[in-house]
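Number of protein chains: 2
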Amino acid sequence: MSTTPAPRASDAIIVPERITPKPADAESLDVWGFQDTRFAIDGDGNAEVLGNRYELSGQKLTRLMPWIRDTLGIDISASDVFRSQYPIAIPPPVANAGFCTAIRDFLREDQVTLDGELRLRHGHGQTQEEMFAIKYGSVARVPDLIVYPETQEQVEKLVVCAEAHGVSLVPYGGGTNVTDALRCDEEEPRAIVSVEMRRMNRILWIDRVNLTACIEAGAVGRDIQAQLAAYGFTMGHEPDSIEFSTLGGWIATNASGMKKNKYGNIEDLVLDMTVVTANGVLSRTAASPRESVGLDWRRMMFGSEGTLGIVTSAVVKLFPLPEVQEYGSLLFPTFEDGCGFMQELARTPSVPASVRLVDNLQFQFGQALKPASTGWKVYKSRLEKFFVLNVKGFDAGKMVACTLVFEGTREEVAQQQKAVTALGAKYKGMAAGSENGRRGYQLTYGIAYIRDFLMNYYIIAESFETSAAWSDVLPLIRNVKKKLEEEYARRKLPGAPFITARVTQLYRTGAAIYFYFGFYFKGVANPSHVYLELENIAREEILRSGGSLSHHHGVGKLRRHFLPSIMSDTALAWKRSVKAATDPKNIFGVGNQGL
Amino acid sequence: MSTTPAPRASDAIIVPERITPKPADAESLDVWGFQDTRFAIDGDGNAEVLGNRYELSGQKLTRLMPWIRDTLGIDISASDVFRSQYPIAIPPPVANAGFCTAIRDFLREDQVTLDGELRLRHGHGQTQEEMFAIKYGSVARVPDLIVYPETQEQVEKLVVCAEAHGVSLVPYGGGTNVTDALRCDEEEPRAIVSVEMRRMNRILWIDRVNLTACIEAGAVGRDIQAQLAAYGFTMGHEPDSIEFSTLGGWIATNASGMKKNKYGNIEDLVLDMTVVTANGVLSRTAASPRESVGLDWRRMMFGSEGTLGIVTSAVVKLFPLPEVQEYGSLLFPTFEDGCGFMQELARTPSVPASVRLVDNLQFQFGQALKPASTGWKVYKSRLEKFFVLNVKGFDAGKMVACTLVFEGTREEVAQQQKAVTALGAKYKGMAAGSENGRRGYQLTYGIAYIRDFLMNYYIIAESFETSAAWSDVLPLIRNVKKKLEEEYARRKLPGAPFITARVTQLYRTGAAIYFYFGFYFKGVANPSHVYLELENIAREEILRSGGSLSHHHGVGKLRRHFLPSIMSDTALAWKRSVKAATDPKNIFGVGNQGL
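These protein sequence lines are chains X and A, in that order.
Be aware that the first sequence starts at 1, since it is given in our numbering, and climbs by one per residue.
Be aware that the second sequence starts at 1, since it is given in our numbering, and climbs by one per residue.
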């Protein structure tokens, strides 16, 4: 049996090239993102974005620092820098000579590395505590070796060697995990080998008749997007991490993309997959549109977080590139109005590809990220502001914004736009133009760099997310904000915390909610630990308020201690026994996360 | 931890009544369906449908018998009846005194039965070989005892007793299974206890804000439908077996309803479930709209076919009853034209709730089921026929029909109707009115009785289904028909076989295909076995042609021998090890189907 299903249509396109990363796309090891991009403070004390990759790039953000000072109630000084100690001391590798000798049989020298900084990088994702640790703290354990398989056969052989020589394997994709899933277990006595999958990044075939593609699991989102687009297709899966995260990572974390209203979440998009497990390869002869074939092991891979095996390829659904893509935005007088709109919209047949509602603070943050304007642009912007505040009578301290992406046929998009405008009006919403909508989405990728920038100025910030039934959405957000404010005050932490929420994904029965929480930590002992403590308190409040443990980030090591509060002991025991049965030697010993 | 999640909205409707089946709805034990309905042949040799439950009921079907004679090429005589021997000899129960004594602690006398005919009934579903066996053959093994739990606690206690006393439990819902899943394993030395779930049929709550309901797993489809409709809601799940099948059965077989284009398949509709397993209860605190919480045991229940535990309740999505429901139909000159239409329609944003395309033979069959008409109706029908054949120039031996159900808002339905008509025209389709569409769907339930009727006249017939990528749909249907015709001729079986296909479910990447196959068997030794042999040959051809093992019927004992040809050995071993790990004593020992 072949280990990846063949395309069904005989004229499928074969796309044999493996993507080799361009030097210009080199990624930072110590902070988020590409090396060519970072936030900085210029000579005048203004924030600016270096590089030319994003819309924000090259911009002077004159309002940002004043707004941050104002919001946090702290006089942040541009010259008072919290100096990064990166790279901190890197633990020496735990040796496993037998394994190292064995893998030389099928891996070239350039497919193996012991490099310290790379090992450090492969031992973490992007949580605040991980990023804080590699710059200001310490790590007790990192992977001892990194391997770069290029074929499924090599992955299979790696697993055989791991079993034979008592090694633990950790699959690694884009390194964008935010649940401490990549963090190595300190207690692990075995050598830990990071299996970096990004060289397995080919689109094996595109079946344009049946609208499917078979893609290797190490393919990075942005490459998948570009390669498919060249043939007129898209997967439609756009998580905020799409520049770096991989198909395999999406499956392992049960990812959600911003356009899921149109294209579905990852579990809706993947028809089939091939997985290398502790006892061989899970594979199928054909990917079916839908079927009933007994206990379906493929479904178990969504959210498996590296514990059950390594996904090596998947057959995914394709969509033709949309005829039309339009942005839109609406302003609502209050968050409550906006939520009412979101809930009703979710039950209509006219849900745009993406709809997001930010609260007032996040709306203000978006304004603060606007570059210094001049000339007519200032005039227009002032006029708009006057209209919203004085003619419409919106309260600048309460109003909120909703941004939208429409994708589809011309007719479909026109119909959705009409329906959205009409429904918006019912909730006192005011159309605020496509440009504001477009900008909101463009910010997504550039803004990801701000967290590491702010850390240089003693500000720690992070996002966490949940999903909740519609009736819980507003109370949950209110409860979490209140709880964090109370706990912040009780601890007498500096200034005021930054707490903001947005509703990012719509479902008929509820929504996904994204929180940002940050604070100024100069003078605070163990700020990263204090953050984590507060985040855990927020999570307890989320669960108490009916929210889920995670909408799409996952469990990892960060949230596994909450599992007993959301499911029965039997459910937990069941998960553990499935793991024990399918990986008795715990080869994929990444810490029993999600189990 | 409570074992079923609470509603999230505080004003949820509590629907405490348990449904008690009405005497008028008594079900037959020896044939499909309600006792009040059956096909018969009247004094004039015409087929008629007795009872008054369905649209067909009370009708004289003057064309049916002539059409069947013509199609099968056999002069079937109304007086030559293949007499049913029902009930055949019923195997005596295997006793387990310890278990019987133990369950008396928590079950009343009326919750336990040893009745022979009921035990016979609980030992089979609705495959032709099972129905043939209970009337003309023999069964080696049936359940030894039937229990009727009324609460989850009772189910839990049953499992504890089963483990303590070495008993095998088989969950039983509507008894409509078509994969031999209920057929008892002849080799099973333990007492087999059928756990009839239909007394656990309450809707525990309806959350009208969040559009969810918590429903006990033994609730029958038609009751769920009626109870929800009383509050203005629907689940939208309408498998052809909805009159008898249960929520728990839908989950266990990974069911698909005819309106899945609008509402989704069962895996899309169930948000959460509670399952009694060999080692306790799998349950959650809240049903989330969508989440990422590690290996999700709930996903493993879809298609588990009774092997992993007993689903006792589930939280499902609700939809408001549609503002508008409309039927439609289209005629196409050929099946190829119709398939082209279906494939293109599947990729539009305007897919109606249900779309079915029948081939020419099935179209003719629908005409043959039309009652004798008189007066204006005859005139109109002749005029229509003249128009289609002479004005449009369709070939009566090639034309096919597509039936549609539209559900949604007035605007949505109007838009879909417009789009369907326009797309139909592109494929030479001709709108054939809502009445023909309505009739096509109404036939679904009445026609289910015909199989057992025809068996009385030496005709054996059965359906089987698959799903396939679009490029495989036409070749697969052609190959299967050809293969069956060849094999039929090669065996020198009587007259001509009846082989027909329809495309019943649309997906962007492919479709579900439903076959009916039947033949006249007088003079054929072991006709049921011959049928099974031919069905297996058809299945081999389906797999060779790219089809799946099953779209929604499942694997059961009927198709488990095909599993090695669709997945790797490791995949099979994995499934078995999950079973062994979660049910080490094989309490749910229904025969390792789907494993």
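Just so you know, these hints were derived from the structure itself, not from any lab.
Honestly, I wouldn't trust all of these hints.
Any copy will do: because identical chains look the same in the list, a pair fits if it lies in one copy or spans two.
With a Cα cut of at most 30 Å, we get these calculated DSSO-like pairs of lysine-lysine [to be verified]:
1) 428 - 482
2) 483 - 585
3) 370 - 418
4) 418 - 262
5) 418 - 492
6) 585 - 135
7) 557 - 22
8) 585 - 157
9) 370 - 60
10) 385 - 60
11) 392 - 557
12) 426 - 262
13) 135 - 262
14) 585 - 392
15) 428 - 135
16) 492 - 398
Going through the hints against the structure:
1. For a Cα distance limit of 30 Å, the shortest separation of residue 428 from residue 482 inside one copy, 26 Å, qualifies, whereas the shortest one across copies, 63 Å, does not.
2. In this assembly of identical chains, residue 483 and residue 585 lie within 30 Å of each other by CA distance neither inside one copy nor across copies; the values are 43 Å within and 48 Å between.
3. In this assembly of identical chains, the alpha carbons of residue 370 and residue 418 lie at most 30 Å apart only when taken from the same copy (29 Å versus 45 Å across copies).
4. With identical chains, the CA atoms of residue 418 and residue 262 are at most 30 Å apart both within one copy (17 Å) and between copies (22 Å).
5. Neither within a single protomer nor between protomers do residue 418 and residue 492 lie at most 30 Å apart by alpha-carbon distance, with minima of 50 Å and 64 Å respectively.
6. For the homomeric pair residue 585 and residue 135, neither the shortest alpha-carbon distance inside one copy (34 Å) nor that between copies (52 Å) is at most 30 Å.
7. In this assembly of identical chains, the alpha carbons of residue 557 and residue 22 never lie at most 30 Å apart, being 33 Å within a copy and 54 Å across copies at closest.
8. Taking CA atoms no more than 30 Å apart as the test, residue 585 paired with residue 157 passes inside one copy only; the shortest distance there is 16 Å, against 34 Å between copies.
9. Taking CA atoms no more than 30 Å apart as the test, residue 370 paired with residue 60 passes inside one copy only; the shortest distance there is 9 Å, against 77 Å between copies.
10. Within a single copy, residue 385 and residue 60 get their C-alpha atoms as close as 21 Å, which meets the 30 Å cut-off; across copies the closest is 75 Å, which misses it.
11. For a Cα distance limit of 30 Å, the shortest separation of residue 392 from residue 557 qualifies neither inside one copy, at 48 Å, nor across copies, at 68 Å.
12. With identical chains, the CA atoms of residue 426 and residue 262 are at most 30 Å apart both within one copy (24 Å) and between copies (26 Å).
13. Taking identical chains as interchangeable, the C-alpha atoms of residue 135 and residue 262 are never at most 30 Å apart, the minima being 40 Å within one chain and 51 Å between chains.
14. Taking the closest pair of Cα atoms, residue 585 and residue 392 never come within 30 Å of each other, the shortest separation being 66 Å inside a single copy and 70 Å across copies.
15. Within a single copy, residue 428 and residue 135 get their C-alpha atoms no closer than 47 Å, and across copies no closer than 68 Å, so neither meets the 30 Å cut-off.
16. When the C-alpha separation of residue 492 and residue 398 is checked against a cutoff of 30 Å, the pair qualifies only within one copy, where the shortest distance is 27 Å, while the shortest distance between copies is 82 Å.
Of the hints listed earlier, those the structure fails to meet are numbers 2, 5, 6, 7, 11, 13, 14, 15, in rising order.
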